[in-house]
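Starting from the given sequences, assemble the full structure and let the hints guide the process.
Quick note: the sequence shown uses the working numbering, first residue 61, plus one each step.
Quick caveat, the hints were computed from the structure, so don't treat them as lab data. Ideal placement from N, C-alpha and C gives every residue a C-beta, glycine not left out. It cannot be assumed that every hint is accurate.
The calculated DSSO-like cross-link candidates involving lysine-lysine, where the alpha carbons are at most 27 Å apart (straight line), are [stated by the list, open to error]: (1) Lys62 / Lys143; (2) Lys302 / Lys194; (3) Lys70 / Lys84; (4) Lys212 / Lys194; (5) Lys265 / Lys194.
The calculated label-pair distances, taken between Cβ atoms and stated as ranges, are [stated by the list, open to error]: (6) His261 / Asp236: 23 to 29 Å; (7) His261 / Gly201: 20 to 26 Å; (8) Leu249 / Thr86: 38 to 44 Å; (9) Lys196 / Gln231: 31 to 37 Å.
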Amino acid sequence: MKIGIIGVGKLATAIVAGLTKTNKATEIVLSPRNMENSQLLSNKYECVKVAKDNQAVAEECDWIFLTLPPSVAVREIEQLTFKSGSSVISCVATLSHSECNQLIGNSVNVYKAFPLPTIADCNGPLAYYPCDTKIKPFLDGLGDLFPCKDGKAFRPLAAATSLIASHYAVQNTLHDWLVENDIEPAVALNYLNELMDSLTHQAKKSEVDFRELISSASTSQGLNEQAINMLSERGVCQDIKKTLDTILKQL
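The structure is reproduced here in C-alpha cells:
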C-alpha cells in the first residue's frame with residue numbers, strides 16, 4: 061500500500077513516525093512542500109520518498125493525508141486530481157467534510173480525521189468520520205480510535221484538542237512558580253510530569269466522572285477546595301468554555 065502526505069510539517073512528521081511503526085505502508089510518498097523536512101524524513105526512513113510535486117502524490121497513492129496549513133489548503137487542493145477509488149483523509153481543521161468533497165470529487169473516498177502529535181508513538185485519541193469498513197482497518201494501531209457518526213459529533217472533539225498548548229501553559233506556569241520558590245528546574249519538571257501522569261492514570265482507571273473526581277480531591281476546607289473555589293470565582297472554567305465555543309465556530 062502506498063500512503064501519501066501532502067503538506068509536510070510537524071503533524072506530517074508525527075504521522076510518518078506512526079505509520080512506520082505499524083508497517084502499514086510499502087511506501088510513504090511525501091509532497092515536496094517544506095522540502096527540507098521531507099528530505100530529512102526520506103533520509104531517516106527507508107520506506108519514505110519525496111515526490112516531484114503534490115500531483116504526483118495524488119496520482120500514486122492509495123491513501124493520502126492532507127496536512128496542509130489552513131491558509132493555503134483550498135488553493136492547493138483544488139489544483140489536484142486524485143486517483144479514482146483512492147482515499148483521502150483531511151486533517152485540515154477549518155475545512156469541513158462537505159468542502160473537501162466538493163474540492164476533491166465523488167470518485168474519491170473522503171474522510172476527516174484529527175490526529176494529534178502523539179500519533180508518532182501510536183498513542184492518543186484519534187477522532188474520524190465518516191465511519192465505514194475501509195477507514196477503521198486503515199487507522200487501527202495509530203491511536204485510540206473515536207469514530208464519529210457525523211460532523212456534529214466530530215467537531216467538538218476536534219475543538220477540545222485546541223487546549224493542548226493551554227495545558228502545557230498551565231504546566232509551564234506551575235514549573236516557573238516552583239522554580240521561583242527555590243525548587244531546582246529539573247526536580248520541578250520531573251515532579252509535575254509524575255503528578256500529571258498519576259492524575260491521568262487515576263482518571264482512566266476510575267469509573268466515576270470528572271465532577272466526582274473534583275469532589276473526591278476537594279477535602280472540606282482543604283487546599284484543593286480553596287484553590288478550585290478561587291479559580292471558579294474568577295471565572296476560569298467559564299472562560300475555557302467560551303474559548304472552546306469560539307474555536308468550535310471555526311470548524
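ask   = So which of the earlier hints does this model not fit?
value = When the structure is compared with the hints, numbers 2, 5 turn out to be violated.
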